[in-house]
Amino acid sequence: MPELLDFEEPVGVLLKEIEALSMLPDSDQRRQDITRLTERIVSVRAELYRGLTPWQRVLVARHPSRPTTLDYIERLFTDFIEIHGDRRFADDHAIVTGLARYRDQEILVVGHQKGSDTKQKIYRNFGYARPEGYRKALRAMQTAQKFGRPIVCFVDTPAAYPGIESEERGVAEAIALNLREMAMLEVPVVIVVHGEGGSGGALGIAVGDRILMHEFAIYSVIPPEGCAAILWRDSARKVEASAALKLTAPDLLGLGIIDEIIKEPIGGAHTDPAAATTLLDEALHRTLGEVAALEVNVRLELRYQKFRKMGSIGIVEEAES
Amino acid sequence: MAWFKKARTPIAAPDKASRVPEGLWVKCPECDAIIYTRDLVKSLSVCTKCGHHFRLTARDRLLSLFDGEHWVEQDADLKSNDPLTFTDTKPYRARLEASRKATGLPDAILIGVGRIDGSETVVAAMEYAFIGGSMGVVMGEKIVRAAETALARRLPLIIVSCSGGARMMEGALSLMQMAKISAALARLDRARLPYLSILTDPTTGGVTASLAMLGDINIAEPKALIGFAGPRVIEQTIRQTLPDGFQRSEFLIEHGMLDLIVDRRELKATIARVLRFMMPNDAA
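Residue numbers (the working numbering), protein chains in the order written: chain A, -11 to 309; chain B, 393 to 676.
Hints listed in this document are in silico derivations from the structure and should not be mistaken for laboratory results. Just so we're clear, the structure is a prediction, and the values are computed from it rather than from any experiment. Here a beta-carbon is modelled for each residue, glycine too, at the ideal position from N, C-alpha and C. Hints may be right or wrong, so weigh each one.
Distance condition first, Cα-Cα at most 27 Å in a straight line; then the derived DSS-like pairs of lysine-lysine [what the hints assert, rightly or not]:
no. : chain 1 : residue 1 : chain 2 : residue 2
1   : B       : Lys615    : B       : Lys441
2   : B       : Lys482    : A       : Lys226
3   : B       : Lys615    : B       : Lys471
4   : A       : Lys297    : B       : Lys419
5   : A       : Lys251    : A       : Lys297
6   : B       : Lys660    : B       : Lys482
Not close to chain B: a few residues of chain A, all C-beta gaps over 12 Å, as computed [stated by the list, open to error]:
no. : residue
7   : Arg18
8   : Thr266
9   : Ala307
Excised from the complex, chain B in its bound form:
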């Protein structure tokens, strides 16, 4: 029997739901403004009053970027087979099933090839509603295939991160996706093809410590949580409360980790601008 018992506070889920809820009117969690849902959709889920960025689904992200809201999906049929037969308080298989039902996606990523301002581009978008956008073997494989497609067809690659990090339920296999993806990005880099990393709220853990920090240009949405260690882990380590704004986009750009912070409503135009710099004139 220990003399002192450690108080264990379970890790609480974030209190603010950041996704646009269904219904006619939406209250902005930042400024409490009541917004007409249709207006919010028109503004790409950015609060029309204060500019708060609601979280986008992977599908809405692709809709917001591709010309004519059109793309060809890649590798839609890849699924995790629960390689570790992992069970915590419930079986991983059950979590997968629930997430598939809730999102309509087979895993936490959607890959599309389409045009951005006329130029063909490969875009990967993560889905936070699928087990926190966590990166497991399926995400790793799909991103590597996307990078290989970009390499073979000499197209730019864009990855929109929205993830809590590596997926614990696939153990070290998830960890290795960091190395696997980074190796594919190395090939893209050596082939002088553009890779843009878009960091959205949240981008943490193994996703930050691999693909999200490797862009030729790293672009974040405003006020996104971006970091390696989670704020709670850091607080436990240093036994201090973290300063306001720590690990937010504005903090990262001040520390030299980001090239740009761009409002979602300007993101597509900014991407197109950057790609004009990077792609040969005849291909644009």
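Same shape as in the complex, but just chain A:
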């Protein structure tokens, strides 16, 4: 059972009751009670997840058991071969790239990897990519372009790594170049924001023809803690900041930033990764088909126009009175 978040306490109470019951000698009554409680958990969870606040969505998106990019790769694709290194400096472990088979076609996969246990988390730098990660991603994507293979990018990062060596080796340049070159990739590019879409660190591998986003994922210009520290001068105001930033999937769909929300199982993807994968599979397959059907020039023009329009919703044109 994945660990529970604070707001899931009502579920925890029911789980404890079940645990207590299972200590008792077996009886019909006991079995009935357990069944009743188990059903109750499902309905309580459904109720909780129907009304998640933005901050609660942040917690779900960052859930330690939330499926990672490698989890989805393993479940969705076959014949995966990871390719390493930017051929400039190093291999960044916070971004994975590789060749994979998806249903009947060869694709390139790129994604942030946060790591699922402590050892992995350290190895993956908690999903904070350095410049090498973005450069490896671009190199791999240009290889996919050379061989005419579609690209799927999985986005799940708190941010690009804010450290001295990141700055020394030009993390800003690495991200900037990806933004420019991904806009021109001739092959289909589908983005899946499945966890945390942490500002420029996320966007650096998130320019494509379609942007799909999981129901409880988040995507933001700045982490709510950082926003609160700057604008409220108090990082404890993260709850208010997370609401103000409009970082949830429904908000972003409304703002025209994402194209589609991928539903998650009740209680979030981590409660049933298999079901979450099935839902993603359906959307990904359909989307790749749609995008691949377009002629290259049409696809590039539509990709340009897609980003070109972002923000128009926030602009008025009026002469100074």
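Please build the complex by placing chain B on the supplied structure of chain A, with the hints as guidance.
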């Protein structure tokens, strides 16, 4: 109740005001020299003693670059409508209003088409006094239109950055301006038109991680703060004090991120020189 309470130090505003203040005499924050304001204006707000670069307004920047101090402003009427109805300690609308009053600009950018050393050029200059020069939807749209103008009329594009990064009060819409602008710069790049990025103090965050690093030539003013993550965020991450000069122009050029560091008084001549290399002879 937590056992340990984190000490929260609010992020303080920079202590040195770098813009040229009003009045007859100005004290340089770098060398403490007292400078006659008129001399400072003549030297493009560079300290005549130590070369400290005071911050320029967007308007003064265009004045410093265009021949005859003349240009035609583009898209002057675009304004943000506060798409998220954002409120922190005060409403974003109030911040916008205050900044509009203080700067006389509708948002943090000014676009002009004029001549530099005789050649017609599109120049975008950011205004730091407008919410830290932050990049929101208006800046994104105006820069993309500037790039599209440059593309349609086959003119060079110059963007003078002076910005803390993406504008938080417009959320992910601000973030997407990075992709939107970079896509427009890609088209300019493929059309083999020059794009020069001028990085001034400060150029950080999403502005650095998009347009500011994509110039055919990246030129910085001396000692400008240029980086992706802010110094305070890095210090919090690594729990160390950063070395002197970290994320300054001189640090970046040593690490291969800049082509040139140019004194403001030489900037126009340098731009003209670079454009001669990039533009066909008959157009110059």
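Arg18 (chain A): least C-beta distance to chain B exceeds 12 Å? Given that every Cβ of chain B is farther than 12 Å from that of Arg18 (chain A), nearest at about 38 Å, it holds.
Checking one constraint from the list: CA of Lys297 (chain A) to CA of Lys419 (chain B), max 27 Å. Satisfied? violated (46 Å)
Given the proposed pairing of Lys615 (chain B) with Lys471 (chain B), does the C-alpha separation stay at or below 27 Å? Since the Cα atoms of Lys615 (chain B) and Lys471 (chain B) sit roughly 32 Å apart, the hinted pair is violated (cutoff 27 Å).
Would the hint linking Lys660 (chain B) and Lys482 (chain B) be met if the CA-CA limit is 27 Å? violated (40 Å)
Does Lys226 (chain A) lie within 27 Å of Lys482 (chain B) when you go C-alpha to C-alpha? holds (16 Å)
Holds or violated: Lys251 (chain A) to Lys297 (chain A), with C-alpha atoms at most 27 Å apart: holds (26 Å)
Least C-beta distance from Ala307 (chain A) to chain B larger than 12 Å: Ala307 (chain A) not clear of chain B: closest Cβ-Cβ about 5 Å, inside 12 Å.
Holds or violated: Lys615 (chain B) and Lys441 (chain B), Cα atoms, limit 27 Å. holds (16 Å)
Please check whether the beta-carbon of Thr266 (chain A) is more than 12 Å away from every beta-carbon in chain B. Non-interface label on Thr266 (chain A) holds, nearest chain B Cβ at 28 Å vs cutoff 12 Å.
Violation of the numbered hints given earlier is confined to hints 3, 4, 6, 9; the remaining hints are satisfied by the structure.
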